[in-house]
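*Asks:* Sequence:
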Amino acid sequence: MTADLSDLTGDYVLDPAHTRIGFVARHAMVTKVRGAFTEFEGAAHLDGSDPTRSSARVTIQAGSIDTGVAQRDQHLRTNDFLDVPDFPTITFAVTAVEPRGDGEYRVTGDLTIKGTTRPVSIDFEYTGNAVDPMGNLRVGLEGSVTINRKDFGVTWNAALEGGGVLVGEKVVLEFDISAVRQNE
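Our numbering numbers the first residue of the sequence shown as 1 and each following residue consecutively.
Be aware that a few hints might be false.
[Stated by the list, open to error] The list that follows gives simulated cross-link-like pairs (lysine-lysine, BS3-like), each with its CA atoms no further than 27 Å apart:
1) K170 x K32
2) K170 x K150
3) K32 x K150
4) K114 x K150
5) K114 x K32
6) K170 x K114
These are computed hints drawn from the structure, not numbers from a lab.
Between the sequences and the hints, there should be enough to build the whole structure, so can you do that?
*Replies:* Set out below in structure tokens:
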């Protein structure tokens, strides 16, 4: 692992086999449903000397949503939620990176879900770097952010008999990133 962040400067791509883009949402006011997107791609330019000059873009295939329950996943793909036929991708394009302290960064960008774009700031922790057995330099980042799904036009819900609703408005987006530097 390199101690000098300037050694990390370069262009990277997400390694889908070692990256997780997930979410957590409240169900029936009492439990949490966890899921992830299994198809995505992303590229970034990291500037280790001046992180504010870093950039990234991620594209997620909305239809790859996986909660482990096929019937629920099919419902999430309909117009009630992600409307995959009309909006097949979810995107995040970084607009700013702000160092926040020892290995912590606030990454702000434009998140687009179901055709609605809003700025979102995600707090990331740099978890390290390593050269893998194939000689590739990898960096790791972990982060999460809570969004209100209604802000993105995902408004479907059902009232519960005893009060409350079936699906919570708040959704936690979770990112466990492994990015591989591309050969220059």
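*Asks:* Compare the structure with each hint and give your call.
*Replies:* Consistency of the hints with the structure:
Straight-line distance between C-alpha atoms of K170 and K32 comes to about 11 Å, which keeps the hinted pair within the 27 Å bound. With a C-alpha separation of about 9 Å, the suggested pairing of K170 with K150 holds against the 27 Å cut-off. For the hint linking K32 to K150, the alpha-carbon distance of about 18 Å falls within 27 Å, and the restraint holds. Among the hinted pairs, K114 with K150 is consistent with the structure: their alpha-carbon atoms are about 11 Å apart, no more than 27 Å.
About 22 Å separates the Cα atoms of K114 and K32, which keeps this hinted pair within 27 Å; it holds. Straight-line distance between C-alpha atoms of K170 and K114 comes to about 16 Å, which keeps the hinted pair within the 27 Å bound.
Checked against the numbered hints above, the structure violates none of them.
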